[in-house]
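Just need the whole structure built from these sequences, with the hints factored in.
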Amino acid sequence: MIFSGLPFGFFNVGIVTGDGVSRPQLEAWCGRACEWAAPSGLPWLFVVTHEALSPGIDANEVLDDCGLTPILPLTGMRTAHVTELVRVVSGLDISVAEDRPACEAAFAINAAAYAAQLDACKPVFGEASFWADHVLSLGRSDGQFVASTAVLMVDGYRYVAMVATLPDFQRRGYAEAVMRHALDRASERFGNQPTVLHATEAGRPIYERMGYATIASHTAYLEKRFLDGH
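Taken in order, the sequence shown gives residues 380 to 609; the numbers are from the working numbering.
It is worth saying that the hints were derived from the structure and are not from the lab.
These numbers were taken from a predicted model, which means no experiment stands behind them.
SDA-like mimics (lysine to any residue), calculated; alpha carbons at most 25 Å apart, straight line: (1) 603 x 442; (2) 603 x 384; (3) 603 x 394; (4) 501 x 451; (5) 603 x 407; (6) 603 x 419; (7) 501 x 392; (8) 501 x 524; (9) 603 x 406; (10) 501 x 450; (11) 603 x 400; (12) 603 x 499; (13) 603 x 436; (14) 603 x 404; (15) 501 x 386; (16) 501 x 578; (17) 603 x 454; (18) 603 x 395; (19) 501 x 532; (20) 603 x 494; (21) 501 x 511; (22) 603 x 421.
So the derived label-pair ranges between C-beta atoms look like this: (23) 410 x 452: 20 to 26 Å; (24) 495 x 563: 23 to 29 Å; (25) 470 x 506: 25 to 31 Å; (26) 509 x 603: 31 to 37 Å; (27) 470 x 508: 30 to 36 Å; (28) 566 x 507: 19 to 25 Å; (29) 470 x 502: 31 to 37 Å.
Don't be surprised by glycine CBs; every beta carbon is placed ideally from N, CA and C.
Right, here's the structure in full:
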């Protein structure tokens with residue numbers, strides 16, 4: 380259980396670990412997680428790696444009985460080396476975020492791209508000091524921030540997150556360009572570690588083209604009491 384204290388599910392998570400997880404174990408861990416999270420009153424996600432479950436277990440069925448519902452399938456992906464750039468985009472100025480307006484812009488972009496309310500994240504992640512040991516890259520078009528990618532240094536990996544483009548600027552290759560920039564800057568600063576990410580169905584083809592391969596399948600579950608507004 381890892382909670383940031385922010386009122387946004389993706390920053391408060393319970394993660395099922397281990398292998399060969401049985402139905403009784405999954406039920407018990409779900410119950411313990413719900414009990415642990417209840418006093419916080421915060422929305423949170425319970426994340427299951429399907430390859431970690433014993434054969435024949437239907438996680439949706441088990442967790443429905445526990446009061447959780449699936450909200451997001453994710454594909455865990457990894458690569459040691461990103462492929463060479465094929466598509467060169469024009470009209471995009473890419474740089475690393477170095478001040479509060481730039482850092483906060485990344486959350487505005489993600490909020491618009493994913494139809495989520497992320498203002499509560501800005502007091503923490505809007506500080507440039509938070510990114511001292513990570514990389515946050517932003518792309519501008521005609522002076523406007525339009526695309527973002529974060530690369531977080533986690534356990535010897537470059538973990539990719541916050542890949543997003545404003546809706547009016549999508550399908551121009553901006554997200555991939557900014558992602559490559561962030562990965563390159565992270566490699567220069569911290570070394571060329573393997574890179575991992577969790578892909579949505581929409582993003583997976585792009586990541587496959589960049590050399591990422593599937594290593595696991597996950598589902599994020601939300602307590603039903605938090606469904607309003609999600």
